[in-house]
Amino acid sequence: MDNYRELTIDSIREGLKNKRFSARELAQEGLRTARAENASSGVFLSFCEEKALRDAGAVDRKLAVGEEVGALAGVPTAVKDVIMTEGLKTTCASRMLENYVASYSATAVKAIEAAGAVIVGKTNCDEFAMGSSNENSAFYPVRNPAAPDRVPGGSSGGSAAAVAAGHTPIALGSDTGGSIRQPASFCGTVGVMPTYGRVSRFGLVAFASSLDHIGPFSRTVKDSATLLGAIAGRDPNDSTSAAVPAPDYAAALQADVAGLRVGVPKEYFAEGLQAEVGAKIEAGIEKLQSLGCEIVAVSLPHTEYAVAGYYLICTAEASSNLARYDGARYSRRSERSETLADMYRNSRAEGFGAEVTRRIILGTYVLSAGYYDAYYRKAQQVRALIARDFASAFEKVDAIVGPVSPFPAFKIGEKAGDPLQMYLADIYTITASLAGIAGMSVPCGKSSEGLPIGMQILTNHFREQTMFNLGHSFEQAGGFCG
Amino acid sequence: MPPLANRSAGKPCYNSSFPLGRAVCKLMSIVDAGLADAATIAKYEPVIGLEVHVQLKTNTKIFSASSHEFGNAPNTQTDPVVLGLPGALPVLNRKAVALAVRASLALDCRVNRYSQFARKNYFYPDLPKGYQISQYDKPLAERGLLDIDVNGTRKRIGITRLHMEEDAGKTVHDGFSDSQRYSYVDLNRAGAPLCEIVSEPDIRSSEEAVAYLNELKLIVQFSGASDCDMEKGQLRCDANVSIRPRGQKEFGTRCEIKNVNSFRYVKQAIEYEIARQAALLEAGGTVIQETRLFNTATGATAGMRGKEEAHDYRYFPEPDLPPLIVSDAWQQEIRGAMPELPPAKRRRFVAEYGLSEYDARVLTLTKAAADYFEAAAQASSRPKTAANWVQGELMGALNAAGKKIEDSPIAAEELAALIKLIHDGSLSGKLAKEVFAKMFAGGKSAAEIVAAEGLQQISDTGELEAIIADLLAKSPQQVAQYRGGKTGVIGFFVGGVMRATRGQANPKLVNELLKKALDG
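Protein chains in written order, with my numbering: chain D, -9 to 472; chain A, 208 to 727.
These aren't lab readings, by the way, just hints derived from the structure by calculation. Each residue gets a CB set at the ideal place from its N, CA and C atoms; glycine is no exception. Among these hints, one or two may not hold up.
[Said to hold, decoys possible] Covered by chain A, per the in silico footprint, the following chain D stretches (three or more residues, Cβ under 8 Å): (1) 161 to 173; (2) 191 to 202; (3) 226 to 233; (4) 353 to 361.
[Claimed, not checked] Using 30 Å as the maximum straight-line C-alpha spacing, the simulated DSSO-like pairs for lysine-lysine come out as follows: (5) A:Lys645 x A:Lys693; (6) D:Lys52 x D:Lys79; (7) A:Lys611 x A:Lys640; (8) A:Lys474 x A:Lys302; (9) A:Lys345 x A:Lys327; (10) A:Lys302 x D:Lys100; (11) A:Lys574 x A:Lys610; (12) A:Lys327 x D:Lys368; (13) A:Lys345 x D:Lys368.
Take these sequences, add in the hints, and give me the full structure.
This is the structure:
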């Protein structure tokens, strides 16, 4: 199979139909390429060959008898290791859950399996999805397929790299403050953070519950639209999932975006944005203008408070969400403990890495008596102001476009010693996270060093269709190549 | 107890136990001034507030579909939510909310249209998520009240709030071969739906506290929100106790007494605490605000000390659950379906059936008793007699047989039939008790027993006159005595007639006919 790495959902459907390959052959090829490169790429934490071949075989049998198959039939898929997959290890890239086997599957996993997707493995990520470079994996880092000495971004670096390297045409990741969009931008793939509540979080290991999302990675916008269509919708197991009907985004995809008003926030083009990145985004905006979009200057005046607000809220929630890893039941238990307090202390000290520990300590502090009002409550106020910024901007525009990250992929180890600089680089993605709106990263060319650069398209709550249409028309017009 | 892993297939890597950590509950007393005597205690006024946890009567847990039935094999009632597995999310049980609203309305609380769940963060092995989902600054209901009667005086106790929360599991420290080193956890109860009812500090004595608890339990039971079965842990109580010199306005420093699971122990614990605090203040000491455990064996309270107890629960709004909205329409629907509650029922029993306050109270101690009484009263049209029989013979027989009124072998309608036989003169009171005993033992109706054993009261004048004539003829000496003025010997004749009729003669009629015959 010489073009495996270029396959899309559509071409797989076509190829299966014309018997150019079987689902089983696709799964084998995906596993082969991923396995062969994993020692150097670090993309996967585990593979599930037996299950993949079984699931692919089921698709083949259905096709053989002319039975109806789902939208993702036979599509090799990678799933970030913070998403529960029944019977498979789900480690969160943490020593804490090093040997944890999921006893149930996330709603999103069940949905893609029902649509015929073939899961081939679980992807590497920052421990408990905390990080922007994948260097916080407790096991090994992921290398950027575009530049092996560089990070793939994070926290869903493995899923982004799996798609970028062509191991799987699609992948599931999770985005709390940019964890899909930023690695998509670094690796040169499409990555989508849907509206908060659009996709069930049931089975997604909680980092910051009010900010966590499951979302797609793919090489084309249409594939992300198809994948999101498969996982979107209300889930009775997630009270925060929305009872908003989920349309068939891929079927409704339109390349004609003439007349759409596209907002450009001045705050996203201020100090800190690398010139080369800024230039690529501006070129992308011009491309949209050439497609008939009306470009409108907008302001998101509270952007400067976003990083502080975000890191107070997400660490506060994380400190509580990660309390369950206490060594008492399924998580790692330190063997050198004689008392209950020791068991907690030692198990957590041994099980959690430095970044997770830092965030738990920060979040615990933020919620502590006497500090709650100054930090957590204040951060909620910031969050409300940022949401209001977007609400008023979306009165004027259909979408907002800007950078994903101030710079392209950096070298492994380059920023690891300075967590604050890492946090500050999340500025363009966390605003949308705080507002709960939809966001997507699409490739918009490469830096002079050949590093992918992503452009972010944001739309209002549940307006993913507009976002996909913009991304799709941009892609069709050659925008991905800059 | 088997390890959790064996109990739930597919749930891997469970540790069944955890290091005991004796440090968790180090018991020690800080200052000990002993207990004050009655005279010293009398100088102080106790101020008491109670926190009552009531388990709501749902089939499933508050945030998941597992049962919380009492008494099943450990760790058989779990699921990803209860176990706090990674990725699991809570979904609020609508029935639990409906029952909590019911309890709120029954206690005259105002139900908030908008309330919110919050996380209470602390580590303990019986709390799988490391936080308890509770309500904090936006509880379900507030500002309720409840009237108690103590020593013939009515008093109103305020209810500050009622909020919903999940129960924790149970930690078992004893009974295992390795109990010296490990404790075990049973999560069957974890996630059971609770409402916590917090009183105002309006209670001034242990008697008032017990009266409050009894009335609260009764109202909640009648509302249908909970069975309040204390043996199954469905009602649990913590008491906040402080004292102040009589006449002083400011409250003293309070202690919270936990682990009190019967009303008798609540009374003992409060009395102990009052005496302890009084002695302490009298000796010039100060009360330290702390949590104390009641020891049922010694009847004493002791302070829980240890750094684990210096809790900062770091409450914050539960992000996994949207705000809880109780619409006016839903509230009205629940209010409309509210059964009659004990205070109203008592008033009605007094007004409608002419019962005494005391009888009305006794007959409303359980809904089953009230229903039984009312059925018997209506079927017999003799409410006072029915009240006496229910409280007297029936309750007595039930107690002796160890049965509940729900399981009474005599249906209310059958008791009513018996009462009718008394009132129409067919049965004497004495015979009626015999018939009752047979009904209770055999399950036959009064009419059947009376017919089978020929127990009807003899009210036939002709039959009795013949017996009397015969008796008088056989007892000339006594007749002479009577006619000579010693009328007391009439008892001799009454006894004779009763013996001759095996007690079935209508005593009133016998007296009349005897007088007629003797006075001639």
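Going down the list of hints, with the structure as the test:
1. Check result for the stretch 161 to 173 of chain D against chain A: violated, 0 residues qualifying (beta carbon to beta carbon below 8 Å, three or more required).
2. Remark: the stretch 191 to 202 of chain D is confirmed as covered by chain A, as 9 of its residues place a Cβ nearer than 8 Å to a Cβ of that chain, reaching the required three.
3. Using a Cβ-Cβ cut-off of 8 Å, 5 residues of the stretch 226 to 233 of chain D lie near chain A, which meets the minimum of three, so the contact claim holds.
4. For the stretch 353 to 361 of chain D, the assignment as covered by chain A holds, since 4 residues bring a beta-carbon within under 8 Å of that chain's beta-carbons and 3 suffice.
5. At most 30 Å may separate the alpha-carbon atoms for a hinted pair to count; A:Lys645 and A:Lys693 exceed this at roughly 40 Å.
6. Straight-line distance between C-alpha atoms of D:Lys52 and D:Lys79 comes to about 28 Å, which keeps the hinted pair within the 30 Å bound.
7. Taking the CA atoms of A:Lys611 and A:Lys640, the gap is near 20 Å; set against the 30 Å cutoff, the hint holds.
8. Distance hint between A:Lys474 and A:Lys302 is unfulfilled; the C-alpha atoms sit about 33 Å from each other, more than 30 Å.
9. Under the criterion of a C-alpha separation no larger than 30 Å, the hint pairing A:Lys345 with A:Lys327 is consistent with the structure, at around 14 Å.
10. A threshold of 30 Å between alpha carbons decides the hint, and for A:Lys302 with D:Lys100 the separation of about 28 Å falls inside it, so the pair holds.
11. Straight-line distance between C-alpha atoms of A:Lys574 and A:Lys610 comes to about 15 Å, which keeps the hinted pair within the 30 Å bound.
12. Note on A:Lys327 and D:Lys368: the hinted pairing holds, with a Cα-Cα distance of about 20 Å set against a maximum of 30 Å.
13. For the proposed pair A:Lys345 and D:Lys368, the alpha carbon gap of about 19 Å is at most 30 Å, so the pair holds.
The structure fails to meet hints 1, 5, 8 from the earlier list, while all remaining hints are met.
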